[in-house]
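Protein chains in written order, with my numbering: chain V, 4 to 329; chain F, 51 to 369.
It is worth saying that the hints were derived from the structure and are not from the lab. Do not take every clue at face value.
[To be verified] Each computed DSS-like pair below joins lysine-lysine, with the alpha-carbon atoms no more than 27 Å apart:
id	chain 1	residue 1	chain 2	residue 2
1	F	K264	F	K288
2	F	K279	F	K176
3	F	K172	V	K134
4	V	K134	V	K94
5	F	K264	V	K94
6	V	K136	F	K279
7	F	K172	V	K94
8	V	K130	V	K179
9	F	K176	V	K130
[What the hints assert, rightly or not] Listed below are several chain V residues computed to face chain F (Cβ distance under 8 Å; list not exhaustive):
id	residue
10	E89
11	N108
12	T120
13	R123
This structure is a prediction, so every number in the text was calculated from the model and none was measured. Note that CB positions come from ideal geometry on N, CA and C, so glycine has one too.
The residues making up each chain are set out below.
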Amino acid sequence: MPGLLEFNNYSMGFLNDEGQVINMMDNVSFAVQEGRAVGIVGESGCGKSMTTLSIMRLLPNNAVVQGGVINFQGTNLLALSQESMEEIRGKDIAMIFQEPMTSLNPVLSIGFQIGETLQRHQPALSKAEIKEKVIEQLRMVGIPNPEKRYSQFPHQFSGGMRQRVMIAMATICHPKILIADEPTTALDVTIQAQVLDLMSKLKVNGSLMLITHNLGIVVEICDDVVVMYAGRVVESGSMVEIFDHPTHPYTRGLFAAIPTLTHNQDELYTIPGSVPVSTKFLPGCRFAPRCTQAMEHCYTQVPPERELSPSHLVNCWLEFEQRGEG
Amino acid sequence: MAAYLTRRIFKGLLTIFASVTITFFILRLMPADPVALVVDPKMGLEAQAAMKAKFGLDKPILEQYAIFIGNLIQGDMGVSFKTRQPVMAVIQEKMPWTLLLLIIVVTLSLLVGIPVGVRAAKRPNKGFDRFVSLLTMFSISIFIPFLSFAFLYLLAYYLKLLPTGGAYTPPPADGLTYYKDVARHAVLPSLVLFINNVATIILYTRNSMQDVLKEDYIRTAYSKGWNEKYVTRVHGLKNALIPTITVTGLMISSLIGGAVMTETVFAWPGVGRLIYDSVSALDYPVLQGAFLILSATVVVTSILSDLIIAWLDPRIRLG
Ligand SMILES: Nc1ncnc2c1ncn2[C@@H]1O[C@H](COP(=O)(O)OP(=O)(O)OP(=O)(O)O)[C@@H](O)[C@H]1O
Ligand code: SF4
Ligand SMILES: [Mg+2]
Chain V
4 MPGLLEFNNY SMGFLNDEGQ VINMMDNVSF AVQEGRAVGI VGESGCGKSM
54 TTLSIMRLLP NNAVVQGGVI NFQGTNLLAL SQESMEEIRG KDIAMIFQEP
104 MTSLNPVLSI GFQIGETLQR HQPALSKAEI KEKVIEQLRM VGIPNPEKRY
154 SQFPHQFSGG MRQRVMIAMA TICHPKILIA DEPTTALDVT IQAQVLDLMS
204 KLKVNGSLML ITHNLGIVVE ICDDVVVMYA GRVVESGSMV EIFDHPTHPY
254 TRGLFAAIPT LTHNQDELYT IPGSVPVSTK FLPGCRFAPR CTQAMEHCYT
304 QVPPERELSP SHLVNCWLEF EQRGEG
Chain F
51 MAAYLTRRIF KGLLTIFASV TITFFILRLM PADPVALVVD PKMGLEAQAA
101 MKAKFGLDKP ILEQYAIFIG NLIQGDMGVS FKTRQPVMAV IQEKMPWTLL
151 LLIIVVTLSL LVGIPVGVRA AKRPNKGFDR FVSLLTMFSI SIFIPFLSFA
201 FLYLLAYYLK LLPTGGAYTP PPADGLTYYK DVARHAVLPS LVLFINNVAT
251 IILYTRNSMQ DVLKEDYIRT AYSKGWNEKY VTRVHGLKNA LIPTITVTGL
301 MISSLIGGAV MTETVFAWPG VGRLIYDSVS ALDYPVLQGA FLILSATVVV
351 TSILSDLIIA WLDPRIRLG
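For reference, chain V alone in the conformation it holds in the complex (with noise of 0.2 Å):
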């Protein structure tokens, strides 16, 4: 079924000092549905981020599209003019970014910068108009006092009131998907949990994509799970698929160091070593010298896709057994 946003290949890299890209993200497919939330886990590195801003085309000056494309309602993002990205952006696709204490401007009100996405899209309305619509998203958000807050500036919020604020912002012109990466990565928890709570609201009418290395924001909100590992989507399906039967080391890896009350270990599980930079990576499995379960070849060949049921995909060599309808 194709979906309301869809990687297909897509490949990129960034330059180095010597002029020659080095491949980060590679091959990557995967399909968000219209209406459902996905979830993009992995570790630190593996390029959440980088997919995100693959979509958005706001990736960092030194990168570089390797091929792929990705397609949002049937058009292909990476062939539109600028200025038809820029229609897209903020309209059908927003984006609620990693770090909520930088990507508010310092200088300008919150009620103007909130605002600035209306202004942009729906340019009839008047600033009384407008003003009006700010006052009621923050609201809707959760941010007491709106009408006193309205002419505030980013530092006399708190990191949670700042996510809020990115929040209404990214929701006021109502987008048909809403990226969040990490957004709550940089709050406690307590606060983590109410922001967690508005996305989820919030997202009734479109589609979700969540980035998160937290597995239990997974399991609240998520209908479909997308695992990255260095780059490369290593397993995916849907969140009833991948949390009953994870099947990749990786993901098995990732299940095994949630902290449980049911198993009373004593120490933490983590995977051991760390996520390769993509100039260390190998031709073959990227996660291969962490594999407990690695062959030879998998240091050589890339793995294939496997499919184990209509709605779960796992990239491995190992030998799996396949299950009919989810």
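Got chain V; can you put chain F with the ligands on it based on the hints?
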């Protein structure tokens, strides 16, 4: 904000006071004896003493200082040793010329420097940026006196396009002709100072804009669908101008500090030139007054630039 402003003004007054005191003692400690200049040796001894007493030169130095400060607080800066005119009147005549040059140079430098710096910052290390970097490097490192003489020789003596010095052709003409004449005279000194100062503005604007454009909030602005022109203007400029304003304040101070040199080279009738003339005449009251007005200008400039920054940056404004 009110407390901030009060503190700022108080600090400014202190600075002026310190500068006035230092100038006073430096002048008195100079080996030359102004009495010899004020007092005509052909006068009778009594007349000499009366003369000394009139200028207060017969009293001990600390008492002279106390009298000087006392008068100053009442707005009396004394009388010129040389011309016997009140110092206030001398300064009032010269200061507008210094300010005129200052305003021309600063306005032009900002008007040209900011847009050029912004444009260079948008495409770092590309053609325009490279060209601008080279040019600014050249104009910052060039020695101003050398540039002054080169321009004077080329444009005034050799090509005879512009007058060699002064602020107007005496006697001053009437109406529009006078202004045109002043403008012609202002071209050379303004040009020399502009070349050097515009480079500073370009450099600071370019560097700060380059940094600002890498900030996360710039990406946020793009994510709302705005184009580069809007993002640079609305989200970049206000942040990027903060260092530019600071450096403009410093630039004005250094222009004032350099006024003696520039105004002497171009025979510009401002306070700098006045200082030059008064040093040779050992005209203490005038020197005193000239340094006072210049340090006051520096202090006012720095308060103004801090106020502009506070206005631009709510983190400072709202504390
Ligand atoms: N401008 C850049 N130039 C070169 N490499 C970069 C650049 N930006 C990011 N990278 C590299 O790309 C890889 C993926 O980065 P990305 O930010 O997508 O990770 P992430 O999965 O979002 O991690 P995190 O959970 O820490 O946010 C990292 O190895 C990072 O070092
Ligand atoms: S392909 Fe080989 S190394 Fe990679 S995860 Fe599977 S078993 Fe491990
Ligand atoms: Mg990230």
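Checked hints:
| no. | hint | result |
| --- | --- | --- |
| 1 | K264/F to K288/F | holds (15 Å) |
| 2 | K279/F to K176/F | holds (18 Å) |
| 3 | K172/F to K134/V | violated (32 Å) |
| 4 | K134/V to K94/V | holds (18 Å) |
| 5 | K264/F to K94/V | holds (24 Å) |
| 6 | K136/V to K279/F | holds (26 Å) |
| 7 | K172/F to K94/V | holds (26 Å) |
| 8 | K130/V to K179/V | holds (25 Å) |
| 9 | K176/F to K130/V | violated (39 Å) |
| 10 | E89 | holds (5 Å) |
| 11 | N108 | holds (4 Å) |
| 12 | T120 | holds (5 Å) |
| 13 | R123 | holds (5 Å) |
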